[in-house]
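> Here is what each chain is made of, one letter per residue.
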Amino acid sequence: MGNVPSAVKHCLSYQQLLREHLWIADAVPGALDPAQEASQVSGLPEYVKIVEVGPRDGLQNEKVIVPTDIKIEFINQLSQTGLSVIEVTSFVSSKWVPQMADHTEVMKGIRQYPGVRYPVLTPNLQGFHRAVAAGATEISVFGAASESFSKKNINCSIEESMEKFEEVVKSARHLNIPARGYVSCALGCPYEGSITPQKVTEVSKRLYGIGCYEISLGDTIGVGTPGSMKTMLESVMKEIPPTALAVHCHDTYGQALANILTALQMGINVVDSAVSGLGGCPYAKGASGNVATEDLIYMLNGLGLNTGVDLHKVMEAGDFICKAVNKTTNSKVAQASYYA
Amino acid sequence: MIDMLSEAGLPVIEATSFVSPKWVPQMADHIEVLKGIQKFPGINYPVLTPNFKGYQAAVAAGAKEVSIFGAASELFTKKNINCSIDESLQRFDQILKAAQAAGIPVRGYVSCVLGCPYEGKISPAKVAEVSKKMYSMGCYEISLGDTIGVGTPGIMKDMLSAVMQEVPVAALAVHCHDTYGQALANTLMALQMGVSVVDSSVAGLGGCPYAQGASGNLATEDLVYMLEGLGIHTGVNFQKLLEAGNFICQALNRKTSSKVAQATCKL
Numbered sequence: 001m002g003n004v005p006s007a008v009k010h011c012l013s014y015q016q017l018l019r020e021h022l023w024i025a026d027a028v029p030g031a032l033d034p035a036q037e038a039s040q041v042s043g044l045p046e047y048v049k050i051v052e053v054g055p056r057d058g059l060q061n062e063k064v065i066v067p068t069d070i071k072i073e074f075i076n077q078l079s080q081t082g083l084s085v086i087e088v089t090s091f092v093s094s095k096w097v098p099q100m101a102d103h104t105e106v107m108k109g110i111r112q113y114p115g116v117r118y119p120v121l122t123p124n125l126q127g128f129h130r131a132v133a134a135g136a137t138e139i140s141v142f143g144a145a146s147e148s149f150s151k152k153n154i155n156c157s158i159e160e161s162m163e164k165f166e167e168v169v170k171s172a173r174h175l176n177i178p179a180r181g182y183v184s185c186a187l188g189c190p191y192e193g194s195i196t197p198q199k200v201t202e203v204s205k206r207l208y209g210i211g212c213y214e215i216s217l218g219d220t221i222g223v224g225t226p227g228s229m230k231t232m233l234e235s236v237m238k239e240i241p242p243t244a245l246a247v248h249c250h251d252t253y254g255q256a257l258a259n260i261l262t263a264l265q266m267g268i269n270v271v272d273s274a275v276s277g278l279g280g281c282p283y284a285k286g287a288s289g290n291v292a293t294e295d296l297i298y299m300l301n302g303l304g305l306n307t308g309v310d311l312h313k314v315m316e317a318g319d320f321i322c323k324a325v326n327k328t329t330n331s332k333v334a335q336a337s338y339y340a
Numbered sequence: 001m002i003d004m005l006s007e008a009g010l011p012v013i014e015a016t017s018f019v020s021p022k023w024v025p026q027m028a029d030h031i032e033v034l035k036g037i038q039k040f041p042g043i044n045y046p047v048l049t050p051n052f053k054g055y056q057a058a059v060a061a062g063a064k065e066v067s068i069f070g071a072a073s074e075l076f077t078k079k080n081i082n083c084s085i086d087e088s089l090q091r092f093d094q095i096l097k098a099a100q101a102a103g104i105p106v107r108g109y110v111s112c113v114l115g116c117p118y119e120g121k122i123s124p125a126k127v128a129e130v131s132k133k134m135y136s137m138g139c140y141e142i143s144l145g146d147t148i149g150v151g152t153p154g155i156m157k158d159m160l161s162a163v164m165q166e167v168p169v170a171a172l173a174v175h176c177h178d179t180y181g182q183a184l185a186n187t188l189m190a191l192q193m194g195v196s197v198v199d200s201s202v203a204g205l206g207g208c209p210y211a212q213g214a215s216g217n218l219a220t221e222d223l224v225y226m227l228e229g230l231g232i233h234t235g236v237n238f239q240k241l242l243e244a245g246n247f248i249c250q251a252l253n254r255k256t257s258s259k260v261a262q263a264t265c266k267l
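Those protein sequences? They're chains A and B, same order as listed.
First residue of the first sequence: 1, per the UniProt record's numbering; consecutive thereafter.
First residue of the second sequence: 1, per the UniProt record's numbering; consecutive thereafter.
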């Protein structure tokens, strides 16, 4: 930058920029501003579905145990932002994940808005039954593209985990409950290091084959870069249609948005994110975790892509939860907006 | 800090600014810094010269490359240096002529290429116009700056498409700010369009004067991480780069803004 003095007055406030300059404003569902349309980069999907994982993946990795009523209020706020999928909780043993111990109360306590889906994690049949009893109408199962990660995380091999998931997904389909499949370590593993695209494809294909309607490919430790994202997706897309794929990028090394852009350019139109970039990284103390929903929406809006999500309302929900867990937001958009 | 960055193998390190200390107190020691650094062979140490006086002082202190700062926004130019864009270019012309005569390369910066804190939206045509003028006046390279970090990849693409019609892509660089977390995605887009020069700042040093508390420059560590992952050669020693970032953060008593540094230092 040039000779900018340290204090600048009289410039447009961020709020003013948002009001007057639609290229960084919220997208109106179903309508594109001509300016946005003109900026629309060719080859990108018109609509991107954001899967909000803050309440589950995000909070799961936060040290402060959030009271049940706060979790419920948080999810209720997210339900009013236009997000169409919000991952609510995990029906896992509280011994493993204390943050999710109140899964039943949260699932029963949230207001389920029409048009919004509320999937929950169900690592096994027991969790699945509890989830259904608590009112869940969509579930997710969590696989990994790394044997070591699978062993350390859920104490079984990939094949053993797939057998378990097959039981869960079969039961779910029997009750007309859609199941989403996650593949962790898609771009690298904290134990094995680099992971072959072939392995990711094999695991994804398995999950898709047992009946998962969508496979979310996770860069669990955020080590991926656009090149490795491209190579991995090229391999997976040979076996699974892009419409059934999602990316779940962690921002541990600051690569998330660049990796997401690459995925969009390849035809992926479902992206997972967490409001405020909730959740750290259990493998790199002090490092960040999920990509922030606000920053993702900002990029998608700027690209002229429709998301149906209100950025302001997401920022409000982010502000709410950050105060509750007593941390500063990991979202750069939120940081820039609150101080402007 | 500069010596550590030189050891890290960065090919160009912008050392200081020959600006009045009244405006930028941090750069008051510009002469001592330029004279004091170790000048590694093969590394360039450009300095900012906002006016002819600064240029002369820079040359006297041993500068072998200078930079000048234009903008694609009339209002930004007025507020920043109290004149119009055309007037600013006329002032720079004096520097360019003298530099050319002395065999000193001049780099031109264009601020506000993807948005202005005063004018808001900036047309790609305006950016192309200013870039073309600076290039034809003799700047060997034009660095296109998203000064307030508001840009997103689509807008970066539109702006570069317009500029590349007037200035060859080999003479272009991008200077993305990460105020809204978009810098790396914007830089990736620029690379996809053929740009091969990228500005960044170790540890993501420097905030944003327009959004207090917000971040500023793209962190060099995070940029190098992406480039290495893409198999793009940078010549940078990553470990030494991290050390330089760690050093300056300790000196400034601040946390790094680089995600890579945050992740690696704690492992």
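Everything labelled a hint here was simulated from the structure, so no lab data went into it.
Quick caveat: nothing in here was measured; it's all calculated off a predicted structure.
Worth double-checking, as some hints may not be accurate.
Using 30 Å as the maximum straight-line C-alpha spacing, the simulated BS3-like pairs for lysine-lysine come out as follows [what the hints assert, rightly or not]:
no., chain 1, residue 1, chain 2, residue 2
1, A, LYS164, A, LYS152
2, B, LYS255, A, LYS63
3, A, LYS327, B, LYS133
4, A, LYS151, A, LYS323
Residues on chain A that point at chain B, a partial pick, calculated with CB under 8 Å [stated by the list, open to error]:
no., residue
5, THR231
6, GLY304
7, GLY308
Just a sample of chain A residues kept apart from chain B, beta carbon distances all over 10 Å, derived [as the list claims (entries may be wrong)]:
no., residue
8, ILE70
9, ASP102
10, ASN124
11, LEU125
12, ASN153
13, ASN155
14, ASN176
15, THR196
16, LYS205
17, TYR208
18, THR225
19, ALA292
20, ASP295
21, ASN301
Quick reminder that beta carbons are idealized off the backbone N, C-alpha and C, glycines included.
> Indicate, hint by hint, whether the structure satisfies it.
Quick rundown of the hints versus the structure:
no.: 1; hint: A:LYS164 x A:LYS152; result: holds (16 Å)
no.: 2; hint: B:LYS255 x A:LYS63; result: holds (21 Å)
no.: 3; hint: A:LYS327 x B:LYS133; result: violated (48 Å)
no.: 4; hint: A:LYS151 x A:LYS323; result: violated (36 Å)
no.: 5; hint: THR231; result: violated (11 Å)
no.: 6; hint: GLY304; result: holds (6 Å)
no.: 7; hint: GLY308; result: violated (18 Å)
no.: 8; hint: ILE70; result: holds (25 Å)
no.: 9; hint: ASP102; result: holds (30 Å)
no.: 10; hint: ASN124; result: holds (31 Å)
no.: 11; hint: LEU125; result: holds (36 Å)
no.: 12; hint: ASN153; result: holds (19 Å)
no.: 13; hint: ASN155; result: holds (24 Å)
no.: 14; hint: ASN176; result: holds (39 Å)
no.: 15; hint: THR196; result: holds (16 Å)
no.: 16; hint: LYS205; result: holds (26 Å)
no.: 17; hint: TYR208; result: holds (27 Å)
no.: 18; hint: THR225; result: violated (3 Å)
no.: 19; hint: ALA292; result: violated (7 Å)
no.: 20; hint: ASP295; result: violated (4 Å)
no.: 21; hint: ASN301; result: violated (8 Å)
Hint check: violations occur at hints 3, 4, 5, 7, 18, 19, 20, 21; the rest are consistent with the structure.
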